[in-house]
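Colleague: The residues making up each chain are set out below.
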Amino acid sequence: MLENYLPIIVFIFLGIAFGVGLTLVGYLLGPSKPDEEKNSQFECGFPAFEDSRMHFNVRYYLVAILFILFDLEVAFFIPWAVVQSKLGWFGFIGMSVFLLLLVVGFIFEWKKGALEWE
Amino acid sequence: MWQGFVDFVYQYVPWFDGGLAVVLIILIKGVALILPLIIMMAYMTYAERKVIGYMQLRIGPNRVGPIGLLQPFADVFKLMFKEIIFPTKANVYLFVLAPILAFVPAIAIWAVIPLGQDFYITNLDISLLYVLAIGSVGIYGIILAGWASNSKYPLLGALRSASLLVSYEIVVGFVAVTVVMAASSVNLNEIVSSQSGGIWNWYWIPLFPMMIVFWISALAETNRAPFDVVEGESEIMGGTHVEYSGMCFALFFMAEYINMIMMAALAVLMFFGGWHSPFEGVPYLQEFFAFVPDIMWLLGKMSFFLFLYLWIRATFPRYRYDQIMRLCWKVFLPLTIAWIMVVALMTQLHLGPWF
Chain V
5 MLENYLPIIV
15 FIFLGIAFGV
25 GLTLVGYLLG
35 PSKPDEEKNS
45 QFECGFPAFE
55 DSRMHFNVRY
65 YLVAILFILF
75 DLEVAFFIPW
85 AVVQSKLGWF
95 GFIGMSVFLL
105 LLVVGFIFEW
115 KKGALEWE
Chain P
2 MWQGFVDFVY
12 QYVPWFDGGL
22 AVVLIILIKG
32 VALILPLIIM
42 MAYMTYAERK
52 VIGYMQLRIG
62 PNRVGPIGLL
72 QPFADVFKLM
82 FKEIIFPTKA
92 NVYLFVLAPI
102 LAFVPAIAIW
112 AVIPLGQDFY
122 ITNLDISLLY
132 VLAIGSVGIY
142 GIILAGWASN
152 SKYPLLGALR
162 SASLLVSYEI
172 VVGFVAVTVV
182 MAASSVNLNE
192 IVSSQSGGIW
202 NWYWIPLFPM
212 MIVFWISALA
222 ETNRAPFDVV
232 EGESEIMGGT
242 HVEYSGMCFA
252 LFFMAEYINM
262 IMMAALAVLM
272 FFGGWHSPFE
282 GVPYLQEFFA
292 FVPDIMWLLG
302 KMSFFLFLYL
312 WIRATFPRYR
322 YDQIMRLCWK
332 VFLPLTIAWI
342 MVVALMTQLH
352 LGPWF
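Just so you know, the sequences run in chain order V and P.
Numbered per our numbering, the first sequence spans residues 5 to 122.
Numbered per our numbering, the second sequence spans residues 2 to 356.
Hints listed in this document are in silico derivations from the structure and should not be mistaken for laboratory results.
Note that the Cβ used here is the ideal one computed from N, Cα and C, for glycine as well.
Don't take each hint at face value.
One side of the interface only, derived from the structure: several residues of chain V facing chain P at Cβ under 7 Å [to be verified]:
1. Leu26
2. Val29
3. Phe46
4. Phe60
5. Phe80
6. Ala85
7. Phe94
8. Ile97
In the DSSO-like style, the derived pairs of lysine-lysine whose C-alpha atoms are separated by at most 30 Å in a straight line are [to be verified]:
9. V/Lys115 - P/Lys331
10. P/Lys331 - V/Lys116
11. P/Lys331 - V/Lys42
12. P/Lys331 - V/Lys37
13. P/Lys83 - V/Lys42
14. V/Lys42 - P/Lys90
15. P/Lys90 - V/Lys37
16. P/Lys79 - P/Lys90
17. P/Lys30 - V/Lys37
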């Protein structure tokens, strides 16, 4: 049972090996001639106006919060989805109530304008 | 053949115990899967340039090798000999870590993707869940790249891509729920075997809207045109990739293309019957195509979807960012939630050959 999961660890190590290996190959084979202009941050050919640790729109943060909610819903749905054909109408009605609560929350955030990007 | 190899090793290398042999075999299998995958990814870039070239009435790459067939290798060697630039303001450790973090999940997903009836590395009971879970780890690579570069455009690109990817992640999750409902299993092998019996038994018919939604979300998840605002040449100059060069950039590129191939494989496994022949149950045709190995069907269907990426890229203009978010949250999300109820109803009524 648990040995089914061994290939995953092996694959993660293989991925790390390939990633680190390719980076090393590029680092060793490529030239290294740093100069001030080349290593400065990219800003269309002139010195940067301001620090890049700048303010950004709060909507990105809002999307992240909504993502957590909905992704949890998906996580709740999957166990039900596996057995729902065996649960019959009981499972169907039970999950409908759950889905209804989710939809009410969804309509609320829609009306509140959390999904607007102007 | 593997057994023979293992027996041979046991016989002549006495200190070689069972556990190590198992790991070694998985390692060999893994390399035997990943190397063709990387070559496939390299030729995907060639196909992209060639196909889009012809669609735009150009001829595409044709200098390196016959009809440009060695172009991907030329690109790889060129990238290898390019300098990796470390911007002075960047956080160097995170800067180097980011492409590796994007690359590792792209490889790790392939441990569970079944390519044929008996052609898989491991047969997990939760393989679809694993694909969804580790697929979202790749987002960290892009966020980290944007943050560690300490430059304006990468940060903007990272923010955009992070919220775009998490939004479409939800839609992909809900689509996966409908497939799991239809198949009553989270195991990709079982999802495919429950679709056996010809083209009419595949899930693309009962889940047709979900198939369309999944494919559009797959385009967004892999940052492909028309949803490639992460790179957005005309707006943010290449997004998170701006400060990357040489092999560090190549890793991002490879991760993106390997994810594209993975999404095509996933679409085939979930909606198009995986390795099943479309002629199962059809008299004459079934016998006629019986000699084709099952992996060839899978690869054939995958190549159609890989071609679709290029076709769509050559056809559609880039979406505006607010339109992408509206499409996800106001069109796809209500549609998928509604379709979950439809599929639940269809399952309760035991509709057709599918449920």
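Colleague: Given the hint that lysine 30 of chain P pairs with lysine 37 of chain V, does the C-alpha gap stay at or below 30 Å?
Modeller: Outside the cut-off at roughly 40 Å; violated.
Colleague: Lysine 42 of chain V and lysine 90 of chain P were given as a pair; does the straight-line alpha-carbon distance stay at or below 30 Å?
Modeller: holds (12 Å)
Colleague: Checking one constraint from the list: CA of lysine 331 of chain P to CA of lysine 42 of chain V, max 30 Å. Satisfied?
Modeller: Violated, at roughly 44 Å.
Colleague: Below or equal to 30 Å on CA atoms is what counts here, so check lysine 90 of chain P against lysine 37 of chain V.
Modeller: holds (17 Å)
Colleague: Do the numbers back the hint for phenylalanine 46 of chain V, that is, is its least Cβ distance to chain P under 7 Å?
Modeller: holds (5 Å)
Colleague: Would the hint on phenylalanine 94 of chain V be counted as holding, given a Cβ-Cβ threshold of 7 Å to chain P?
Modeller: Violated. Min distance 10 Å.
Colleague: Can we keep the leucine 26 of chain V interface hint, with Cβ of chain P closer than 7 Å?
Modeller: holds (5 Å)
Colleague: Would the hint on phenylalanine 60 of chain V stand, with a C-beta cut-off of 7 Å toward chain P?
Modeller: Holds, because the Cβ-Cβ distance from phenylalanine 60 of chain V to chain P comes to roughly 6 Å (cut-off 7 Å).
Colleague: Is the Cα-Cα distance between lysine 83 of chain P and lysine 42 of chain V 30 Å or less?
Modeller: Judged against 30 Å, a Cα distance of about 14 Å means the pair holds.
Colleague: Given the hint that lysine 115 of chain V pairs with lysine 331 of chain P, test it: the Cα-Cα distance must not exceed 30 Å.
Modeller: holds (11 Å)
Colleague: Is the straight-line distance between the alpha-carbon of lysine 331 of chain P and that of lysine 37 of chain V 30 Å or less?
Modeller: Not satisfied, since the Cα-Cα distance of roughly 50 Å exceeds 30 Å.
Colleague: Next pair to validate is lysine 79 of chain P with lysine 90 of chain P; report whether the Cα-Cα distance is within 30 Å.
Modeller: Holds, at roughly 26 Å.
Hints 5, 7, 8, 11, 12 and 17 from the list above are not met by this structure, while the remaining hints are.
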